[in-house]
Amino acid sequence: MRAALVVLAALAAAPFIGFGEGYVLTLLARAMILAMAAVSLWLLVGGAGMVSLGHAAMLGIGAYAVVVLDDARITDALVVVPVAMGAAALFALVTGAVAIRTSGVHFIMITLAFGQMAFFTTASLAAYGGDDGYTLYGRTTIGGQRWLENRLVFHFLCLGLLALALAGGQMLLASRFGRVLRAARENPLRVQAVGFSPYPYRLIAYGIAGAIAGLAGVLMANAAEFVAPSYLAWQRSGDLLFMVILGGLGSLQGAVLGALAFVLLEEWLGHLTEHWRLIFGPLLVLSVLFLRGGLVGVLRRG
Amino acid sequence: MSLGLLLVQGLNGLQFGVLLFLVAAGLTLVFGVMDFINLAHGVQYMLGAYLGASLAALTGSFWLGLVLALPAALLCGLLLEWLVFRHLYDRDHLSQVLATFGVILFLNQAVRAIWGSAPLQMPVPPLLEGGITLLPGLQYPVYRIAILAAGLATAGLLWLLVERTRVGALVRAGATHAPMVAALGVDIRRLFMLVFGFGAMLAGFAGVMAAPILSVDPGMGDTVLILAFVVIVIGGIGSVRGAFIAALLVGLIETIGRSLMPDLLRLVMAASPARQAGAAIGSMLVYIAMALILAVRPRGLFPVRG
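Protein chains in written order, with our numbering: chain Y, 1 to 302; chain V, 1 to 306.
Looking at chain V on its own, in the form it has when it is part of the complex (with noise of 0.2 Å):
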C-alpha cells in the first residue's frame, strides 16, 4: 500500500461520503421534523440516476440532463408523499417501516419493467473529462474531484438554509417541537411537504452525479439507503452536522477498509486467507464502528432531542 494509493483512496472514501451525506440530509430531515421514518428515500436516489441517465440520453447533454433530473425528482418526491406518505404520519414506526417498504418493492420492480435489469451507462461530460496529476505518475479523474465540490457546495448550501434563514428556523423548531411551531400558525403539513420535497431532491441530485461513475442498476437505491441509515444513526437522527460527519467517517471507512483490510491481514497470515478473510472484515468494519459508537453513545455523536 503506497502513499499514493492511500491518498486516491482517501478521495474515493470522501467523494463517497458526500453523496451519502447528500441522501443522509433528506432522510435524517425528514426524520427530524415528521418522525416519519422512509425506507423509499434510496428509491428517490435510485430515480435521480435513471432519471439522469435517460434524460442525458434523450437530450444528448449531461448538463439538461441534471438540471431536468433535479424537479422530475422533486415530483416524483411530492407524488409518493401525496400519495402514500401523508397518510403515515400519525401511524406507528412498525406501519411506516412496512409501508415504505411495499414503495420499494413496486419502484424496484417498475424501474426494472421500464428500463430493464440491465445497468444504464451514462457518459461523464466532456468538460469534466480526463484527469489530474496529484502526484508525480498519479492521475485522479477530474469527475470524482467535480462530484467533491459539487458535495460539499451542497452541503455548505444546506448549512446555511438550515442555520441561517427564516424557513430554516422553521424546520429546527419543527424538529424539536412540531406542536408549538403549529400552535404558533405555521402550516406545518406544508413545512412537512417542502422539507420532505427538498430532500428528495437532494437524493435525486446524488444519484445523478453518482450516474457515471457506477452502475444504474434497479438495486442500487438499497445499498445506499442502508449506509444512510447507519450514518444518521452514528449522527444522530434529525442533526444536519452529525450526519455531514458521520458520512464522511462512513465513506471513508467503507472504502479505505475495503482495500487496506486484506493488505493489513497480509503481514499476520498468508496471502490467500489474508485475501477472504479482509474482503470479509473490511465490509463488516462500517457496522463495527457504528455499533462500537452506539455503545458508547446509544442516541449517536450529536443528539437532536433529549
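The following block holds chain Y by itself, in its conformation from the complex (with noise of 0.2 Å):
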C-alpha cells in the first residue's frame, strides 16, 4: 500500500504547495472522487473476479439521488448520503441477482445492459431535466451547515472518504467474507466443494461495491452542482474499468493509481488537441497490449 499512502499523501499536501488554485482543486476533487469509483469497481474485478461494464450506472444512481432530494430542498447529509447509498445498493442487489446467476462474456453484458436501462430511465426523467440535465440549488449541507462550499473543506472531504473506501476495501478484502470472495475467483468448483456457496458472497460484494460508487455520485453531484444522464453513460463505465486496469488487478492501491493516472492524462491531452480521443484511444490499447500487470506491476518491478 505503500505508493497509495505516498499518493494521498501528496493530495493532503497539494492545497499547501502550490496546488491551491480553484482550477487544480476542482480537478484533482475529480480525481479523487473517480478513484474512489474506482476502489469499489477493484473490488468487483480485482477481488471477486466480476467484470462489470455498468459501473457508471451506480455513480449516476447515487448521483441522481441527491438530484431527486434537492428539488424536495432535501440536503442534509444525514438523509441525503444513506439515500444515494441505499438506492446504489438497491440497484446493484435487484440487477445483481439476475446478473450473478451467469458469468464472463455474459456478465459483462448483462451489466452493460443494465447500465443502459438506467441510462435511458434518467434521460426520460422529464421532471429531472431529461437529457439537458439538473443543476442543483446547492451543495450538500450538513447539520444546516454549508461547509462543503468551502473548496478545502470539500477537498479534504474527498481525500478522507477516499482513504476510508481504500481501508475499508483492504479490510474487507483480507476478512473472511473477502477471503471466500478471492477463492471463489480463483476456482469456484473448491469453494462450493469446501461447502461455500459463491453467489451469496458475489452479491453482497456488488451491493457494497455499488453502495461505495454511489456515495461517490453524491460527491460528483457536489463537485459538479449538477447532474446529466451522461453519468451514466456506458463510455463512463468504460473509462472506469480502463482506470483500474490501467493501474493493475495485482494490488487495490492501483484503483487509485489508475484512476489519477486517467484524469491526469486526460487532462494533459485535453489540452494539447480537441481530438485527444484520437491519441488516449491508441494509448488504451497499448497499455491494454502491452503493461500487463498495470502501474502496480511497473512499480514492483521498478
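There could be a bad hint or two in this list.
Claimed, not checked - Footprint (simulated), chain Y over chain V, 3 or more residues, beta carbon under 8 Å:
| # | segment |
| --- | --- |
| 1 | 96-110 |
| 2 | 184-198 |
| 3 | 269-280 |
Unchecked claim - So the derived label-pair ranges between C-beta atoms look like this:
| # | chain 1 | residue 1 | chain 2 | residue 2 | range |
| --- | --- | --- | --- | --- | --- |
| 4 | V | Ser272 | Y | Val94 | 23 to 29 Å |
| 5 | Y | Leu265 | V | Ile114 | 22 to 28 Å |
| 6 | Y | Phe19 | V | Ser272 | 47 to 53 Å |
| 7 | V | Leu79 | Y | Phe16 | 50 to 56 Å |
| 8 | Y | Arg300 | V | Asp92 | 16 to 22 Å |
| 9 | Y | Val94 | V | Ile132 | 41 to 47 Å |
| 10 | Y | His275 | V | Asp92 | 27 to 33 Å |
| 11 | V | Asp92 | Y | Gly86 | 43 to 49 Å |
| 12 | V | Asp92 | Y | Arg146 | 43 to 49 Å |
| 13 | V | Asp90 | Y | Val94 | 33 to 39 Å |
| 14 | V | Asp92 | Y | Arg73 | 46 to 52 Å |
| 15 | Y | Phe226 | V | Ala277 | 20 to 26 Å |
| 16 | V | Arg91 | Y | Gly20 | 41 to 47 Å |
| 17 | Y | Glu149 | V | Thr223 | 22 to 28 Å |
Said to hold, decoys possible - Far from chain V, some chain Y residues (derived; all Cβ distances over 12 Å):
| # | residue |
| --- | --- |
| 18 | Leu5 |
| 19 | Arg101 |
| 20 | Thr102 |
| 21 | Asp132 |
| 22 | Tyr137 |
| 23 | Thr141 |
| 24 | Glu149 |
| 25 | Ala163 |
| 26 | Leu173 |
| 27 | Arg190 |
| 28 | Val191 |
| 29 | Glu225 |
| 30 | Ile245 |
| 31 | His271 |
| 32 | Pro282 |
| 33 | Arg292 |
Honestly, the hints are just simulated from the structure, not real lab data. Ideal placement from N, C-alpha and C gives every residue a C-beta, glycine not left out.
Join these two chains into a complex; the hints should help.
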C-alpha cells in the first residue's frame, strides 16, 4: 500500500504547496472521486473476478438521489448520503441477482445492458431535466451548515472518504468474507466443495461496491453542482474499467493510481488537441497489449 | 392506438430487428468461433453508414455508394483485425473489452475529425422513393419495405451459408471445438479472418441501409452495439438462429413498446405523468425482457455450448 499512501499524502499536501487554485482543486477532487469509484469497481474485478461494464450506473444513481432530494429541498447529508448509498446498493442487488447467475462474457454484457437501462431511465426523467441534466440549488449541507461550499473542506472530505474506502476495501478483502470471494474467483468449484455457495458472497460484494460508488456519486454531484444522464453513459463504465486495469489488478491501490493517471492524462491530452481521443484510444490499446500488471506491476518490477 | 398505427409500428419494429440481426450475426459468429468479445463491432456499422453516405455523395448514386461501401467496410474490418484484434485472441475477456473500447474511442473521434459532428444525410434512391398503401389512407415508405426484404434475404443467405456449405460446417465446428478443427488440418487463423471480415461487412451493410432513414452521426454505432449485445445474450451466444429470433423480438419490443407504453398507461393515470412514465418504461422494456429471459434460461434461448 506504500504507493497509495504516498499519493494520499501528496493529495493532502497539494493545497499548501502551490496547487491551491480553484481550477487545480476541481481537477483533484474529480480525480479523488473517480478513484473512489475505481476502488469500488476494483473490489468486483480484482477481488471477486466479476468484470462489470455497468458501474457508472451506480455512480449515476447516487448522483440522481442527490437530484431528487434537492428538488424536494432536502439537502442534509444525514438524509442524502444514506438514501444515495441505499438506492445504489438496491439497484446493485436487484440487477446483480440476475447478472450474477451468469459469468464471464454474459456477465459483462448483462451489466452493460442494465447500465444502459439506468441511463435511458434517467434520460426520460423530464421532471429532472431529462437529457439536459439538472443544476442543483446548492451543495449538500451537514447539520444545516454549508461547509461543502468551501473548496478546502470539500478537498479534504473527498480525500478522507477515499482513504476510508481504500482502508475499508482492504479490510473487506482480508476478512473471512473477502477470502471466500477471492477463492471463488480462483476456483468456484473448490469453494463449493468446501461448503460455500459463491452466489450470496458475490451478490453482497456487488451491493457493497454499489453503495461505495453511490457515495462517490454524491460527491460527484456536489463537485459539479450539476447532474446529467451522461454520468451513467456506458463510456463512463469503460473509463472506470480502464482506470482499474491501468492501475493493475495486483493490489487495491492500483485503483487509486489508475484513476489519478487517467484523469491527469485526459487533462493533459485535452490541452494538446481538441481530438485528444485520437491519442487516448491507441494509448488504451497499447497499455492493454503491453502494460500487463498495470502501474502497480511496473512499480513492483522497478 | 389504431390498428393502422400498430401495423406501421410492427413493420418498423421488424425492420429495425433485421438491421439488428445483421449487426448481431457478425458479433455472435466472431464470439462463437474465436471466443472474442468485440465492442468495436458497432463501429463497423457506423463506418458502413459514413462510407455509404460519402461514397453515394461522391458518385451521385445510392447504388454505387452501396456497392463500393461494402468492400471498403470489409477492408476496414480486416485492417483492424490485423492491427489490433489478432493480438487479443489469447488474452482474457477483460483485455479484449478494454482494447476494443480503445478502438471505439479512436474511431468515433476519427469520424468526428473527418466528417464533423453534424449528422450526414443520405438520400433515398429514386427507385425506392414513395410509399405503398397498406390500408385505405395509410401509406408506408417503399424504402423501409426494401430494408426488410433485403435483411430477410441476407438472413436466408447466411443460413444457407452456415448450415449448407463446407465453409459453414467449418465455422460451426470451430464454434464448438476449435482445437479439434485445427488438429484436422484447417488453418483456423484464416477461418477466423474470414468470419471476421464477413461479420464486419454485414454490419457495414446494415449501416449503409440504415443511413437514409436514421441520422448518420458519430455515436450511432454505440446504441446499436448495446442492443446487438442484448440480442446475442437473449439468443444464446454463438447461435445465428438465436440471434435472428432475438433480433426480431428486440426490434419489436423496442419499437412498439416505446410508442404503445404511454397510451397504455393513460388508461390508468393522467395524461402528463402517463407520457413521462410511459417513455421511461418503454425504454426499459428490452432490458426487462432480457432479465426475465435470463432468469429462466441463463445461457439464452438457443445455447450453443453445454
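Results for each hint:
1. Judged by the Cβ-Cβ criterion of 8 Å, the segment 96-110 of chain V is covered by chain Y as claimed, because 13 of its residues qualify and three suffice.
2. Counting residues of the segment 184-198 of chain V whose C-beta sits closer than 8 Å to any C-beta of chain Y gives 0, which falls short of three, so the coverage hint is violated.
3. For the segment 269-280 of chain V, the proposed coverage by chain Y is satisfied: 3 residues have a C-beta within less than 8 Å of a C-beta in that chain, meeting the threshold of three.
4. Taking 23 to 29 Å as the suggested C-beta distance range, the pair serine 272 (chain V) and valine 94 (chain Y) conforms, at roughly 28 Å.
5. Between leucine 265 (chain Y) and isoleucine 114 (chain V) the beta carbons are some 24 Å apart, a value that agrees with the proposed interval 22 to 28 Å.
6. A C-beta distance of roughly 49 Å is found between phenylalanine 19 (chain Y) and serine 272 (chain V), which places it inside the suggested range of 47 to 53 Å.
7. The hinted range of 50 to 56 Å is satisfied by leucine 79 (chain V) and phenylalanine 16 (chain Y), whose Cβ atoms lie roughly 51 Å apart.
8. Against the hinted window of 16 to 22 Å, the Cβ-Cβ separation of arginine 300 (chain Y) and aspartate 92 (chain V) comes to about 20 Å, which satisfies the hint.
9. Distance hint check: the CB atoms of valine 94 (chain Y) and isoleucine 132 (chain V) are about 46 Å apart, consistent with the given range 41 to 47 Å.
10. For histidine 275 (chain Y) and aspartate 92 (chain V), the hinted distance range of 27 to 33 Å is satisfied, since their beta carbons lie about 31 Å from each other.
11. For aspartate 92 (chain V) paired with glycine 86 (chain Y), a C-beta distance near 34 Å fails the hint of 43 to 49 Å.
12. One distance hint, 43 to 49 Å for the beta-carbon pair aspartate 92 (chain V) and arginine 146 (chain Y), holds here, with the actual separation near 47 Å.
13. Checked against the hint of 33 to 39 Å, the C-beta distance between aspartate 90 (chain V) and valine 94 (chain Y) comes to roughly 36 Å, which is consistent with it.
14. At roughly 48 Å, the beta-carbon separation of aspartate 92 (chain V) and arginine 73 (chain Y) lies within the given 46 to 52 Å, and the hint holds.
15. A beta carbon spacing of about 25 Å between phenylalanine 226 (chain Y) and alanine 277 (chain V) agrees with the range 20 to 26 Å that was offered as a hint.
16. The hint said 41 to 47 Å for the Cβ distance between arginine 91 (chain V) and glycine 20 (chain Y), and at roughly 43 Å that hint holds.
17. The hint said 22 to 28 Å for the Cβ distance between glutamate 149 (chain Y) and threonine 223 (chain V), and at roughly 39 Å that hint is violated.
18. The Cβ of leucine 5 (chain Y) lies farther than 12 Å from every Cβ of chain V, with a closest approach of about 27 Å, so its non-interface assignment holds.
19. Not every CB of chain V lies more than 12 Å from the CB of arginine 101 (chain Y), the least distance being 5 Å, so the non-interface label is violated.
20. The claim that threonine 102 (chain Y) lies off the interface is violated: its Cβ sits roughly 5 Å from the closest Cβ of chain V, which falls inside the 12 Å cut-off.
21. The beta carbon of aspartate 132 (chain Y) sits about 15 Å from the closest Cβ of chain V, which is more than 12 Å, so the claim that it is off the interface holds.
22. Separation of tyrosine 137 (chain Y) from chain V is adequate, the least Cβ-Cβ distance of about 22 Å exceeding the 12 Å criterion.
23. Its beta-carbon lying about 29 Å from the closest one in chain V, threonine 141 (chain Y) satisfies the requirement of being farther than 12 Å from that chain.
24. No Cβ of chain V approaches the Cβ of glutamate 149 (chain Y) within 12 Å, the least distance being about 33 Å, so the stated non-interface status holds.
25. The beta carbon of alanine 163 (chain Y) is kept farther than 12 Å from every beta carbon of chain V, the shortest such distance being approximately 27 Å.
26. For leucine 173 (chain Y), the condition that its CB be more than 12 Å from all CB atoms of chain V holds, with the nearest at approximately 19 Å.
27. Distance check on arginine 190 (chain Y): its Cβ is at least 20 Å (rounded) from any Cβ of chain V, clearing the 12 Å threshold; non-interface status holds.
28. For valine 191 (chain Y), the condition that its CB be more than 12 Å from all CB atoms of chain V holds, with the nearest at approximately 19 Å.
29. With 12 Å as the threshold on Cβ separation, the claim that glutamate 225 (chain Y) sits away from chain V holds: the shortest Cβ distance comes to roughly 25 Å.
30. The claim that isoleucine 245 (chain Y) is not at the interface with chain V is violated, since a C-beta of that chain comes within 12 Å of its own (minimum 6 Å).
31. Non-interface status of histidine 271 (chain Y) relative to chain V is upheld: no Cβ of that chain comes within 12 Å, the nearest being about 16 Å off.
32. Against the 12 Å criterion, proline 282 (chain Y) falls within the reach of chain V, whose nearest CB is about 6 Å from its own CB.
33. Not every CB of chain V is more than 12 Å from the CB of arginine 292 (chain Y) (nearest about 9 Å), against its label as outside the interface.
Of the numbered hints listed earlier, those contradicted by the structure are 2, 11, 17, 19, 20, 30, 32 and 33.
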